[in-house]
Amino acid sequence: MARAVTQKRKIINTTAAWAVGLLIFFPILWTILTSFKTEAVAIADPPVFLGFDWTLENYATVLERSDYARFLWNSIIIAGGSTVLGIIIAIPAAWSMAFVPSKRTKDILLWMLSTKMLPAVGVLYPIYLIFIRMGLLDTKIGLMIVLMLINLPIIVWMLYTYFKEIPGEILEAARMDGASLKEEVIHILTPMAIPGIASTLLLNVILAWNEAFWTLNLTAAKAAPLTAFIASYSSPEGLFYAKLSAASTMAIAPILILGWFSQKQLVSGLTFGAVK
Amino acid sequence: MATQHSRSAARLMMAPAVVLLLGWMLVPLTMTLWFSFKKYLPLRGGDLGWVGFDNYVRFVTSSSFWPSVWTTLTIVGGVLIITIVLGVLLAILLNQPMWGQGIVRILVIAPFFVMPTVSALVWKNMFMDPVNGLFAHLWKFFGAEPMVWLTEASLESIILIVSWQWLPFATLILLTAIQSLDGEQLEASEMDGATPLARFGYIVLPHLGRAITIVLLIQTIFLLSIFAEIFVTTQGAFGTKTLTYLIFQRVLESQNIGLGSAGGVYAIILANIVAIFLMRIVGKNLDA
Numbered sequence: 001m002a003r004a005v006t007q008k009r010k011i012i013n014t015t016a017a018w019a020v021g022l023l024i025f026f027p028i029l030w031t032i033l034t035s036f037k038t039e040a041v042a043i044a045d046p047p048v049f050l051g052f053d054w055t056l057e058n059y060a061t062v063l064e065r066s067d068y069a070r071f072l073w074n075s076i077i078i079a080g081g082s083t084v085l086g087i088i089i090a091i092p093a094a095w096s097m098a099f100v101p102s103k104r105t106k107d108i109l110l111w112m113l114s115t116k117m118l119p120a121v122g123v124l125y126p127i128y129l130i131f132i133r134m135g136l137l138d139t140k141i142g143l144m145i146v147l148m149l150i151n152l153p154i155i156v157w158m159l160y161t162y163f164k165e166i167p168g169e170i171l172e173a174a175r176m177d178g179a180s181l182k183e184e185v186i187h188i189l190t191p192m193a194i195p196g197i198a199s200t201l202l203l204n205v206i207l208a209w210n211e212a213f214w215t216l217n218l219t220a221a222k223a224a225p226l227t228a229f230i231a232s233y234s235s236p237e238g239l240f241y242a243k244l245s246a247a248s249t250m251a252i253a254p255i256l257i258l259g260w261f262s263q264k265q266l267v268s269g270l271t272f273g274a275v276k
Numbered sequence: 001m002a003t004q005h006s007r008s009a010a011r012l013m014m015a016p017a018v019v020l021l022l023g024w025m026l027v028p029l030t031m032t033l034w035f036s037f038k039k040y041l042p043l044r045g046g047d048l049g050w051v052g053f054d055n056y057v058r059f060v061t062s063s064s065f066w067p068s069v070w071t072t073l074t075i076v077g078g079v080l081i082i083t084i085v086l087g088v089l090l091a092i093l094l095n096q097p098m099w100g101q102g103i104v105r106i107l108v109i110a111p112f113f114v115m116p117t118v119s120a121l122v123w124k125n126m127f128m129d130p131v132n133g134l135f136a137h138l139w140k141f142f143g144a145e146p147m148v149w150l151t152e153a154s155l156e157s158i159i160l161i162v163s164w165q166w167l168p169f170a171t172l173i174l175l176t177a178i179q180s181l182d183g184e185q186l187e188a189s190e191m192d193g194a195t196p197l198a199r200f201g202y203i204v205l206p207h208l209g210r211a212i213t214i215v216l217l218i219q220t221i222f223l224l225s226i227f228a229e230i231f232v233t234t235q236g237a238f239g240t241k242t243l244t245y246l247i248f249q250r251v252l253e254s255q256n257i258g259l260g261s262a263g264g265v266y267a268i269i270l271a272n273i274v275a276i277f278l279m280r281i282v283g284k285n286l287d288a
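These protein sequences, in sequence, are chains A and B.
This note's numbering numbers the first residue of the first sequence as 1 and each following residue consecutively.
This note's numbering numbers the first residue of the second sequence as 1 and each following residue consecutively.
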């Protein structure tokens, strides 16, 4: 840019942006800080910000009170499994839409997205019944299937926008050289599409990790992921702010860290390729 | 380019996704329609036969129906307005030259990664609690009487919580769009004496149209079905019962499947009205 930015303006910008950023981040920061306080300090009046004796006792209590490892494991399996399953099903669909488009491609994409508008609660009981019949209630595989289905439209759409960026000539050339459809997908398309697949994977792991309708309504004890773990802290028993904070921190930490590391890939994926 | 062979192969490759989604849509939908015409109380006698449109009439004439539609639209509309307006302002701010832009972006995006049950619990207890919440301390500090947020301003509180969760998403998409704005054009207009407001209105805002459409579409899809935020905070009390929550209560709390299913059909109709409206805009704005 030709115009020189004055130092003064940069200082004002920086101050304003940091103030807003910290304000938005504050609830998370406060939660993390509170998780290291004793219950008495957590509700001190006036509130204590940093000058307190840090303690790990809340984490110990939470670990003792509930089986965190099992909830965490369930979350990992359900979020990871549903995403991988979805991507396996979505890759061929997105591939054919991007490289062999027809007049109906756009309609099919919009229709897929519209299935996401189907209110979950409208079909809760039927799904519940089907789950009981098939013995899927409170199982990881059941939740995996449901979360895969609700995220499938987004996965297809994201992959489609990434695949569309791949020049068709490369595929033509491969075809000329006698590559079969299978070879085309495995050896040429997939390597070129890895970055796109990676961001799709990330975003959908996050969406599945945080999904809180089906995970709360279709699990009881065995398959309950972290969303249910945290919901069990919703009814207060005595002093509980510090313990609630510790449990919250434990529930969000894995995805927060993953999200921060991959924010660049996420942004491009989130825009559905429509914003450059 | 596409031969007959590749066309049929393409259809075959699309089949699993299409068939699965079609099944996911049609099977439960058919069952919901079926139940909606029955008196069906699993805990009090089970299937008590066909009742025609009784459930539909009862659901729509219940005193909670219209308020729940209104609550749903208020939450969706309120959150959309807040996140888009603040998102545009924040995107413009973050696009300015500054120190530590990367870190600020990390701070701003963080709420998006917090699961709804956690954010609802944290806001409810640690901020909005009338005795020990931070807001109560803040109010007392300024000599005001602390508010009982989730009772006195329940809908506003929910909108605040949900907006906090979705502001990062809106900001991020709008920021990406703003970064592609042509700096030369802005400079030229500045030299020609355009005021900052005029530059915003005639150059920045039109450039953001597409990004705003995306935010509108994606957020509406997710906001229409918010559940955990209400489940954890008010349980639908104090005027926060959305259509989703009302149906949830009919199905799971009163165990009245027929009535709940009729409600489900209404929810699907509402979602479709919104969807048609949205798809019109998006179809125009997206060259999919």
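If you are wondering where the hints come from, they were derived from the structure by calculation, not from laboratory data.
Model, not experiment: these values are computed from the prediction.
Note that CB positions come from ideal geometry on N, CA and C, so glycine has one too.
Treat the hints with care, since some could be wrong.
[To be verified] Some residues of chain A that are not near chain B, with every Cβ distance over 10 angstroms (derived):
| id | residue |
| --- | --- |
| 1 | I24 |
| 2 | D45 |
| 3 | L50 |
| 4 | S66 |
| 5 | R70 |
| 6 | I77 |
| 7 | A93 |
| 8 | G178 |
| 9 | S245 |
[As the list claims (entries may be wrong)] Some but not every residue of chain A turned toward chain B, in silico, with C-beta under 8 angstroms:
| id | residue |
| --- | --- |
| 10 | L33 |
| 11 | T34 |
| 12 | F36 |
| 13 | W54 |
| 14 | V100 |
| 15 | S114 |
| 16 | L118 |
| 17 | L149 |
| 18 | A179 |
| 19 | L181 |
| 20 | A251 |
| 21 | G259 |
Each hint tested on the structure:
Under the 10 angstroms C-beta cut-off, the non-interface status given to I24 (chain A) relative to chain B is violated; the minimum distance is some 5 angstroms. Some Cβ of chain B comes within 10 angstroms of the Cβ of D45 (chain A); the nearest lies about 7 angstroms off, and the non-interface call is violated. Against the 10 angstroms criterion, L50 (chain A) stays outside the reach of chain B, whose nearest CB is about 15 angstroms from its own CB. Even its closest Cβ contact with chain B, about 14 angstroms, leaves S66 (chain A) beyond 10 angstroms, as expected for a residue assigned away from the interface.
At roughly 17 angstroms from the closest C-beta of chain B, the C-beta of R70 (chain A) stays outside 10 angstroms, upholding its exclusion from the interface. No beta-carbon of chain B comes within 10 angstroms of the beta-carbon of I77 (chain A); the shortest separation is about 16 angstroms. Not every beta carbon of chain B lies more than 10 angstroms from that of A93 (chain A), the smallest distance being close to 4 angstroms; the non-interface claim is violated. At the 10 angstroms boundary, the C-beta of G178 (chain A) stays outside the reach of chain B, the nearest C-beta of that chain being 14 angstroms off.
Consistency note on S245 (chain A): stated as away from chain B, yet its beta-carbon is not over 10 angstroms from all of that chain's, at 7 angstroms minimum. Annotation: L33 (chain A) was flagged as interfacial toward chain B, and the flag is violated, the nearest CB pair being 10 angstroms apart, outside 8 angstroms. Of the supplied interface hints, the one on T34 (chain A) holds, with its beta-carbon coming within about 7 angstroms of a beta-carbon of chain B, less than 8 angstroms. A distance limit of 8 angstroms between C-beta atoms decides the matter here; for F36 (chain A) the minimum to chain B is near 14 angstroms, and the interface restraint is violated.
Here the hint on W54 (chain A) is broken, as its CB sits about 18 angstroms from the closest CB of chain B, past 8 angstroms. A least Cβ separation of about 4 angstroms between V100 (chain A) and chain B falls short of the 8 angstroms threshold, and the interface hint therefore holds. Annotation: S114 (chain A) was flagged as interfacial toward chain B, and the flag holds, the nearest CB pair being 5 angstroms apart, inside 8 angstroms. Among the interface hints, the one on L118 (chain A) holds; its C-beta lies about 6 angstroms from the nearest C-beta in chain B, closer than the 8 angstroms criterion.
With a cut of 8 angstroms, the hint placing L149 (chain A) at the interface with chain B holds, because the nearest CB-to-CB distance is about 5 angstroms. About 13 angstroms separates the beta-carbon of A179 (chain A) from the nearest beta-carbon of chain B, more than 8 angstroms, and the hint is not met. Of the supplied interface hints, the one on L181 (chain A) holds, with its beta-carbon coming within about 6 angstroms of a beta-carbon of chain B, less than 8 angstroms. A distance limit of 8 angstroms between C-beta atoms decides the matter here; for A251 (chain A) the minimum to chain B is near 5 angstroms, and the interface restraint holds.
Using the Cβ-Cβ criterion of 8 angstroms, the hint placing G259 (chain A) at the interface with chain B is satisfied: the shortest such distance is roughly 4 angstroms.
Hints 1, 2, 7, 9, 10, 12, 13, 18 from the earlier list are contradicted by this structure; the remaining hints agree with it.
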